[in-house]
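**Q** In case you want the letters, here they are:
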Amino acid sequence: MSWHDPARDHESEEDLDLRDELSQLLGIPTGGFFGKVEPTPKMIALAEDLRREALRRRHTARQRPLWMLMAAALPLALAVGALGSWGYQHKQRADANAAALAQKEDELQKLAREAVQKQFASAQAAPVSVVAMQSTVAPTSPIRVATHKPRPGELVIEVAPSASVLPPQTQTVKQTGP
Amino acid sequence: MQALPKQETPFGELGQFHEAFAALYPRLVGYARRYGAAFPEDIAQEAFVILMQREEPVEHPTAFLYGTVRTLALTERRPMKNQNLSLEAVLEPGKGPEADESLLHREVRERMQTLSPTFREALWLFVVEGLSIKEIADILEIPEATVKTRIHRAKAQLKDQLNPSGDIHVLA
Numbered sequence: 001m002s003w004h005d006p007a008r009d010h011e012s013e014e015d016l017d018l019r020d021e022l023s024q025l026l027g028i029p030t031g032g033f034f035g036k037v038e039p040t041p042k043m044i045a046l047a048e049d050l051r052r053e054a055l056r057r058r059h060t061a062r063q064r065p066l067w068m069l070m071a072a073a074l075p076l077a078l079a080v081g082a083l084g085s086w087g088y089q090h091k092q093r094a095d096a097n098a099a100a101l102a103q104k105e106d107e108l109q110k111l112a113r114e115a116v117q118k119q120f121a122s123a124q125a126a127p128v129s130v131v132a133m134q135s136t137v138a139p140t141s142p143i144r145v146a147t148h149k150p151r152p153g154e155l156v157i158e159v160a161p162s163a164s165v166l167p168p169q170t171q172t173v174k175q176t177g178p
Numbered sequence: 179m180q181a182l183p184k185q186e187t188p189f190g191e192l193g194q195f196h197e198a199f200a201a202l203y204p205r206l207v208g209y210a211r212r213y214g215a216a217f218p219e220d221i222a223q224e225a226f227v228i229l230m231q232r233e234e235p236v237e238h239p240t241a242f243l244y245g246t247v248r249t250l251a252l253t254e255r256r257p258m259k260n261q262n263l264s265l266e267a268v269l270e271p272g273k274g275p276e277a278d279e280s281l282l283h284r285e286v287r288e289r290m291q292t293l294s295p296t297f298r299e300a301l302w303l304f305v306v307e308g309l310s311i312k313e314i315a316d317i318l319e320i321p322e323a324t325v326k327t328r329i330h331r332a333k334a335q336l337k338d339q340l341n342p343s344g345d346i347h348v349l350a
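Chains as they are written, first to last, in the working numbering: chain Z, 1 to 178; chain G, 179 to 350.
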């Protein structure tokens, strides 16, 4: 009864021929150096010692069943799941807030656009009254109103004549003689 | 010595394991020594213990042992400090690791030394240790095609060294 390694059975003829050829090149016996070795009592004792050591290690190695490993991993899995759920909810809420904010901004921009349009329309109607007022006020007013025609969008402000009066010129007279 | 439960080993029944151990142990010690291991006997013994400790069956136990010895020797570990299990006391004359260097003729040994270490490693495992391409691929952790390439290149270099004129002759 000899030990058997299944790897020997799967060698192809090509590999066997190659080994023979290399053995010839190296001057090695074709069957190899290592023939059948009869185990001595000391070698058997050593083999048994090693086998016993392997059995001892196998028995002393702690083998935890699968359910125990899963139970140990459960708190971690729950924590990870809860954290993920919490994060997902926060993300949903943040997305909703961002969408509402964007909508409000759109509305505000729309209102501002409408206000500007209204102001532009009123500014276009204003120059007619200014010109009419200029023709009546100008001869008596010390302030000259600009004679150029206001451009569209230019705001014209009516200015009332100033009520302030410049101080009269004074002259100091020195009395000489009696 | 207490009675051990009868059970299958990676090499079959107990008697087959003893035979495999007797055949492989000196070779594994020599293989560890080739890697410059300071304690090759300990490494070979540890490889056997690791193999026997496994509960899952190993497809190629010989390749597993060689691979484990190679890994342990490369990492320069000293896994077991059991001086009572030293190899020197149980080796048969001419079968020990010291005999590895005398296995080859000096001339051939010198020619093998001229090969690159990668080629020499594959050639040694294939020809001297008698391992298959698949086993060598497992041991060296490289594809089988790479093993074949290395062996063929080693063969070409050996041919060039042994017979530059192209004639093949056999060294005996």
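Bear in mind the hints are in silico, worked out from the structure with no lab data behind them. Treat each hint with caution, since some may be false.
Stated by the list, open to error - Between beta-carbon pairs, the in silico distance windows are:
| no. | chain 1 | residue 1 | chain 2 | residue 2 | range |
| --- | --- | --- | --- | --- | --- |
| 1 | G | LEU252 | Z | GLY81 | 37 to 45 Å |
| 2 | G | THR292 | Z | ASP15 | 18 to 26 Å |
| 3 | G | SER294 | Z | VAL80 | 50 to 58 Å |
| 4 | G | THR327 | Z | THR60 | 42 to 50 Å |
| 5 | Z | HIS59 | G | GLN291 | 41 to 49 Å |
| 6 | G | ALA216 | Z | ASP17 | 38 to 46 Å |
Owing to the predicted nature of the structure, the values given are computational and were not obtained by experimental measurement. Don't be surprised by glycine CBs; every beta carbon is placed ideally from N, CA and C.
**Q** Against each hint, give a clear statement of whether it holds in the structure.
**A** Hints, verified against the model:
| no. | hint | in the structure |
| --- | --- | --- |
| 1 | G:LEU252 to Z:GLY81: 37 to 45 Å | holds (43 Å) |
| 2 | G:THR292 to Z:ASP15: 18 to 26 Å | holds (24 Å) |
| 3 | G:SER294 to Z:VAL80: 50 to 58 Å | holds (51 Å) |
| 4 | G:THR327 to Z:THR60: 42 to 50 Å | holds (44 Å) |
| 5 | Z:HIS59 to G:GLN291: 41 to 49 Å | holds (46 Å) |
| 6 | G:ALA216 to Z:ASP17: 38 to 46 Å | holds (39 Å) |
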